[in-house]
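S.K.: Protein chains in written order, with numbering that gives the first Met the number 0: chain A, 0 to 126; chain B, 0 to 126; chain C, 0 to 408; chain D, 0 to 408.
It should be emphasised that the hints constitute simulated quantities derived from the structure, not laboratory data. Hints should not be assumed to be uniformly reliable.
[Said to hold, decoys possible] In silico lysine-lysine, DSSO-like type, Cα no more than 30 Å apart, as pairs:
hint: 1; chain 1: C; residue 1: Lys331; chain 2: D; residue 2: Lys261
hint: 2; chain 1: C; residue 1: Lys45; chain 2: D; residue 2: Lys75
hint: 3; chain 1: C; residue 1: Lys314; chain 2: C; residue 2: Lys331
hint: 4; chain 1: C; residue 1: Lys45; chain 2: A; residue 2: Lys107
hint: 5; chain 1: D; residue 1: Lys45; chain 2: C; residue 2: Lys45
hint: 6; chain 1: A; residue 1: Lys107; chain 2: D; residue 2: Lys22
hint: 7; chain 1: D; residue 1: Lys45; chain 2: C; residue 2: Lys261
hint: 8; chain 1: A; residue 1: Lys107; chain 2: C; residue 2: Lys314
hint: 9; chain 1: C; residue 1: Lys137; chain 2: D; residue 2: Lys137
hint: 10; chain 1: D; residue 1: Lys137; chain 2: B; residue 2: Lys107
hint: 11; chain 1: D; residue 1: Lys45; chain 2: C; residue 2: Lys22
hint: 12; chain 1: A; residue 1: Lys107; chain 2: C; residue 2: Lys75
hint: 13; chain 1: D; residue 1: Lys261; chain 2: C; residue 2: Lys137
hint: 14; chain 1: A; residue 1: Lys107; chain 2: A; residue 2: Lys79
hint: 15; chain 1: C; residue 1: Lys22; chain 2: B; residue 2: Lys107
As the structure is a prediction and not an experimental result, all values here were calculated from the model.
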Amino acid sequence: MPSDLYREELLDHYRDPQNYGVLPEADIDVRLNNATCGDTIHLTARLDDEGRIAKVMFEGQGCVVSMASASMLTEEVVGKRREEVLAMGLPDIETMLGGIRLSMGRVKCATLALRALQQGLKETEEA
Amino acid sequence: MPSDLYREELLDHYRDPQNYGVLPEADIDVRLNNATCGDTIHLTARLDDEGRIAKVMFEGQGCVVSMASASMLTEEVVGKRREEVLAMGLPDIETMLGGIRLSMGRVKCATLALRALQQGLKETEEA
Amino acid sequence: MSPWDVEAVRAEFPILERTVHGKPVVYLDSTASAQKPRVVIETLRKVYTDYYANVHRGIYTFAELSTEAYEGAREKVARFIHAPEAAEVVFTRNATEALNLVAYTWGEANIGAGDRIVVTEMEHHSNLVPWQQLAQRKGAELAFVPVTEGGELDLDALRSLLADGKAKVVAFTLMSNVLGTITPAAEIVRLAHEAGATTVLDGAQAVPHLPVDVQALDADFLAFSGHKMGSPGVGVLWGRRALLEAMPPFLYGGDMILHVEKYHSEWNEIPHKFEAGTPPIAETIALGAAVDFLTGLGMEAVHQHEQELVAYAMKRLLEVEGLHILGPSAEKRGGVVAFWMDAAHPHDIAALLDEEGVCVRAGHHCAEPLHARYGVPATARASFYVYNRPQDIDALVAALQRVNALLRR
Amino acid sequence: MSPWDVEAVRAEFPILERTVHGKPVVYLDSTASAQKPRVVIETLRKVYTDYYANVHRGIYTFAELSTEAYEGAREKVARFIHAPEAAEVVFTRNATEALNLVAYTWGEANIGAGDRIVVTEMEHHSNLVPWQQLAQRKGAELAFVPVTEGGELDLDALRSLLADGKAKVVAFTLMSNVLGTITPAAEIVRLAHEAGATTVLDGAQAVPHLPVDVQALDADFLAFSGHKMGSPGVGVLWGRRALLEAMPPFLYGGDMILHVEKYHSEWNEIPHKFEAGTPPIAETIALGAAVDFLTGLGMEAVHQHEQELVAYAMKRLLEVEGLHILGPSAEKRGGVVAFWMDAAHPHDIAALLDEEGVCVRAGHHCAEPLHARYGVPATARASFYVYNRPQDIDALVAALQRVNALLRR
Ligand SMILES: Cc1ncc(COP(=O)(O)O)c(C=O)c1O
Ligand SMILES: Cc1ncc(COP(=O)(O)O)c(C=O)c1O
Numbered sequence: 000m001p002s003d004l005y006r007e008e009l010l011d012h013y014r015d016p017q018n019y020g021v022l023p024e025a026d027i028d029v030r031l032n033n034a035t036c037g038d039t040i041h042l043t044a045r046l047d048d049e050g051r052i053a054k055v056m057f058e059g060q061g062c063v064v065s066m067a068s069a070s071m072l073t074e075e076v077v078g079k080r081r082e083e084v085l086a087m088g089l090p091d092i093e094t095m096l097g098g099i100r101l102s103m104g105r106v107k108c109a110t111l112a113l114r115a116l117q118q119g120l121k122e123t124e125e126a
Numbered sequence: 000m001p002s003d004l005y006r007e008e009l010l011d012h013y014r015d016p017q018n019y020g021v022l023p024e025a026d027i028d029v030r031l032n033n034a035t036c037g038d039t040i041h042l043t044a045r046l047d048d049e050g051r052i053a054k055v056m057f058e059g060q061g062c063v064v065s066m067a068s069a070s071m072l073t074e075e076v077v078g079k080r081r082e083e084v085l086a087m088g089l090p091d092i093e094t095m096l097g098g099i100r101l102s103m104g105r106v107k108c109a110t111l112a113l114r115a116l117q118q119g120l121k122e123t124e125e126a
Numbered sequence: 000m001s002p003w004d005v006e007a008v009r010a011e012f013p014i015l016e017r018t019v020h021g022k023p024v025v026y027l028d029s030t031a032s033a034q035k036p037r038v039v040i041e042t043l044r045k046v047y048t049d050y051y052a053n054v055h056r057g058i059y060t061f062a063e064l065s066t067e068a069y070e071g072a073r074e075k076v077a078r079f080i081h082a083p084e085a086a087e088v089v090f091t092r093n094a095t096e097a098l099n100l101v102a103y104t105w106g107e108a109n110i111g112a113g114d115r116i117v118v119t120e121m122e123h124h125s126n127l128v129p130w131q132q133l134a135q136r137k138g139a140e141l142a143f144v145p146v147t148e149g150g151e152l153d154l155d156a157l158r159s160l161l162a163d164g165k166a167k168v169v170a171f172t173l174m175s176n177v178l179g180t181i182t183p184a185a186e187i188v189r190l191a192h193e194a195g196a197t198t199v200l201d202g203a204q205a206v207p208h209l210p211v212d213v214q215a216l217d218a219d220f221l222a223f224s225g226h227k228m229g230s231p232g233v234g235v236l237w238g239r240r241a242l243l244e245a246m247p248p249f250l251y252g253g254d255m256i257l258h259v260e261k262y263h264s265e266w267n268e269i270p271h272k273f274e275a276g277t278p279p280i281a282e283t284i285a286l287g288a289a290v291d292f293l294t295g296l297g298m299e300a301v302h303q304h305e306q307e308l309v310a311y312a313m314k315r316l317l318e319v320e321g322l323h324i325l326g327p328s329a330e331k332r333g334g335v336v337a338f339w340m341d342a343a344h345p346h347d348i349a350a351l352l353d354e355e356g357v358c359v360r361a362g363h364h365c366a367e368p369l370h371a372r373y374g375v376p377a378t379a380r381a382s383f384y385v386y387n388r389p390q391d392i393d394a395l396v397a398a399l400q401r402v403n404a405l406l407r408r
Numbered sequence: 000m001s002p003w004d005v006e007a008v009r010a011e012f013p014i015l016e017r018t019v020h021g022k023p024v025v026y027l028d029s030t031a032s033a034q035k036p037r038v039v040i041e042t043l044r045k046v047y048t049d050y051y052a053n054v055h056r057g058i059y060t061f062a063e064l065s066t067e068a069y070e071g072a073r074e075k076v077a078r079f080i081h082a083p084e085a086a087e088v089v090f091t092r093n094a095t096e097a098l099n100l101v102a103y104t105w106g107e108a109n110i111g112a113g114d115r116i117v118v119t120e121m122e123h124h125s126n127l128v129p130w131q132q133l134a135q136r137k138g139a140e141l142a143f144v145p146v147t148e149g150g151e152l153d154l155d156a157l158r159s160l161l162a163d164g165k166a167k168v169v170a171f172t173l174m175s176n177v178l179g180t181i182t183p184a185a186e187i188v189r190l191a192h193e194a195g196a197t198t199v200l201d202g203a204q205a206v207p208h209l210p211v212d213v214q215a216l217d218a219d220f221l222a223f224s225g226h227k228m229g230s231p232g233v234g235v236l237w238g239r240r241a242l243l244e245a246m247p248p249f250l251y252g253g254d255m256i257l258h259v260e261k262y263h264s265e266w267n268e269i270p271h272k273f274e275a276g277t278p279p280i281a282e283t284i285a286l287g288a289a290v291d292f293l294t295g296l297g298m299e300a301v302h303q304h305e306q307e308l309v310a311y312a313m314k315r316l317l318e319v320e321g322l323h324i325l326g327p328s329a330e331k332r333g334g335v336v337a338f339w340m341d342a343a344h345p346h347d348i349a350a351l352l353d354e355e356g357v358c359v360r361a362g363h364h365c366a367e368p369l370h371a372r373y374g375v376p377a378t379a380r381a382s383f384y385v386y387n388r389p390q391d392i393d394a395l396v397a398a399l400q401r402v403n404a405l406l407r408r
């Protein structure tokens, strides 16, 4: 029985995540965790001269949903402006994951990387 | 529909209570009330030389159950020893009222006078 | 609006088919607790037979269905009282616990020595004793808005209590559970806010019976109880987000935490910060069903139906010799009438009415100071809800005539 | 005793007939909340259709029937835990509220700066955070009885914590909701009492699953939750009469008072002193039905059934490659097994098991410090109750094998 959440595409991202690691000389450097389930992420990113996302990398531990969506996010947001990223929400993540509808229990996993990136963007703004 | 609680005998005691009033030179003088429903009683009593109940009187306001059982109690206990009165409880009151079974909501009404008398007996003992 | 079809409403309440002492039951005690419509009873059965599991944190289907239904009930309750967002709705044990929550957390943090806590003489003990005890703990002043002979709040007295700026909170009921008085809540909130005081609204009687809109009232806190609106036992506290967020938690334990270490904890977001431990899950989902049921009837229509009943009741009750009604005229009240009789103690009234199948409450209805205000230790109280009809009042009056016949000395 | 007829027991739980994703449901999350037997669901319906009314103070038939049934449930609960008298049984929202009640009232009155509060590393947040916060408020010391690698309490460490006489309270669970460990409660109570400390027993897991006798344990307080034993959401606090009587009230309002004046109140007797406002009436009556149901099965037999299941489960789970079990050997535990897998995050385990109809929980199970103790942020947990059978464990193991097949890298 092929499940929506555990489709091959997501499993590929989980087994072999894109942009896994820590980016040197990053503009954004955020560690976040999901207390309820112990998911952790360390997300680093660089912005280009126009303030667009140039590159994102992540390291972390977590479930398929959190790791695969982190991996996909590192590709999805490249070239986006900060406002665009800050405006992203659960529906965008659901679309990115292939149009699935996440249950309440998985929302926090799926958005962990996005929240880390958004938090980093806000911190660069404040600085 | 004749009701158990509102039999003529009880109503007679309610309409025309026995030993209604305040006993002068009483050994026992207790005021008690039933906060929940506002029933009040002022019970006075005298003991004979052997410590038996010689006479009981009461004044008060309350429902048929509390007033009728106060009235009946003033007759019921005359001649009883203090231990006998202190040993009395709900079943005795129910018997006195004609063998009815009181619902939880009326227990406090029915035993108000008895509790006043028992409290008075304990106070004379302590003094 | 189509005319109120009380027989259709009654058909939704299976208990109304019962008899008591061989007489059809006439239930006139909804102010104490309301009967439950079929849809509420059926919702409980459905949750327990179809998908029950503990809420939050669960990843399997039953847990997700239960969580969605539970949080769905929160959305329904929020819409019902026109709250800006569901996260401002906290579920508690009952209205009493909701009021205590405010007194213990907001009160502990915001009331100090010399501050004034304003309540009214018509409060239910649940909206009085928590404040009385807070005042004692803090050395604060407890002040009462008097009730007029006619059963209304004395707003001039309230203005005086607010004038010196010492009042930090005004806690008052939207509707008295004894007098039936519907208080001028928007006006009271405005006066309180002008004086810089926070408002705590006891909606235990109002929310089940009237349209209540926390935004239109500009309220700060609102407490009420599901069991008085046809739901199982669930309480509700609504509060403004900013207030709830600034408050420390109340009960500690599962669900209200974000992160726990041995010597340190972090709190979850509202509303979860205030919901420690496993909530009554099916009951809360059934509260959502009760809200839907009432919304279907329309709260304006519910109120109007009850106003018609209370007007009829007050007219007919005065036919009973030696019967005295507490509180204002019919148009100023909800469907509650408390009364006393020269010939009979309220206990006897209730007991003798029961013999005719008529259910009324007798006592001080958890409002002793209000009864003291009127110099009566206890009253009998008849109250009306969506399922009551003029015949019920006729049965009440007939039974009261019998009381007079039996007990008049 | 006749052999356990699990199919007959299952027939009493209508939800077990459901399917999830087309598979028969295999419910292995009773530690979070138990499913409800037919008699409980039916009791709710019956109360609401036959005689529902608010309890206490009511003089009409429905109110009397409801009060008798509500107080009857108190008697049943008292007998179930072998309490000397029903008046020592206080109904609360849940176990969490019961534990908070003790910390807020007994704790506030009896814990001072420099006193030691002893808890254990295996406590559920509900029996940890209230004490942690009390310690912070009071400047008291919070000390932990360590958990050994094998998942048991280190009683020598407890002895040391008790040696200097500073410990005023020992709060501990009768059974861990993660490790399954059944703690040596009688021994712990004896040690605590010898050192002059009061004992607070978290029975949330034990009471639904084992015979618990507060007198044999010589306990001071015991808290548990109805929803984990097949009842709706109702909590229970039992305490010794002398302790409860000496404690100040917790929540203020209706029912818990004897007499209220404007500036002064007097409290009702126990247990009512601690039950403010309208309780969940039908739910509590249904708790009584759940107690009867369990008594009918026999708590000794319930425990033995679960021990057989957990022994079988631990044997079979070790067949799954890369699976690690937390906690002691089967004979030292109740029907709970928490585990983690090399190949899969607990979330994924739970989600993939759900696709096979198998319901398990994933996370820290409200025991973060315990998970920190073992260096695992989260586990998956399967738990068993009266309706589980060996086939359920076979389904669990088969589903776990599929997880391995899918996620092993
Ligand atoms: C050991 C233990 N203590 C306390 C609790 C708290 O119970 P409740 O959530 O019903 O308040 C639980 C339930 O999760 C538990 O397992
Ligand atoms: C006006 C008012 N406030 C508060 C309450 C307390 O509600 P509960 O008993 O559900 O906590 C009541 C109910 O009796 C009430 O009528």
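S.K.: Please go over all the hints and tell whether each is borne out by the structure.
M.R.: Results of checking the hints against the structure:
| no. | hint | in the structure |
| --- | --- | --- |
| 1 | C:Lys331 / D:Lys261 | holds (25 Å) |
| 2 | C:Lys45 / D:Lys75 | holds (27 Å) |
| 3 | C:Lys314 / C:Lys331 | holds (15 Å) |
| 4 | C:Lys45 / A:Lys107 | holds (29 Å) |
| 5 | D:Lys45 / C:Lys45 | holds (15 Å) |
| 6 | A:Lys107 / D:Lys22 | holds (27 Å) |
| 7 | D:Lys45 / C:Lys261 | violated (46 Å) |
| 8 | A:Lys107 / C:Lys314 | violated (60 Å) |
| 9 | C:Lys137 / D:Lys137 | holds (17 Å) |
| 10 | D:Lys137 / B:Lys107 | violated (42 Å) |
| 11 | D:Lys45 / C:Lys22 | holds (20 Å) |
| 12 | A:Lys107 / C:Lys75 | holds (24 Å) |
| 13 | D:Lys261 / C:Lys137 | holds (17 Å) |
| 14 | A:Lys107 / A:Lys79 | holds (23 Å) |
| 15 | C:Lys22 / B:Lys107 | holds (27 Å) |
Violated hints, listed in ascending order, are 7, 8 and 10; each of the other numbered hints is respected by the structure.
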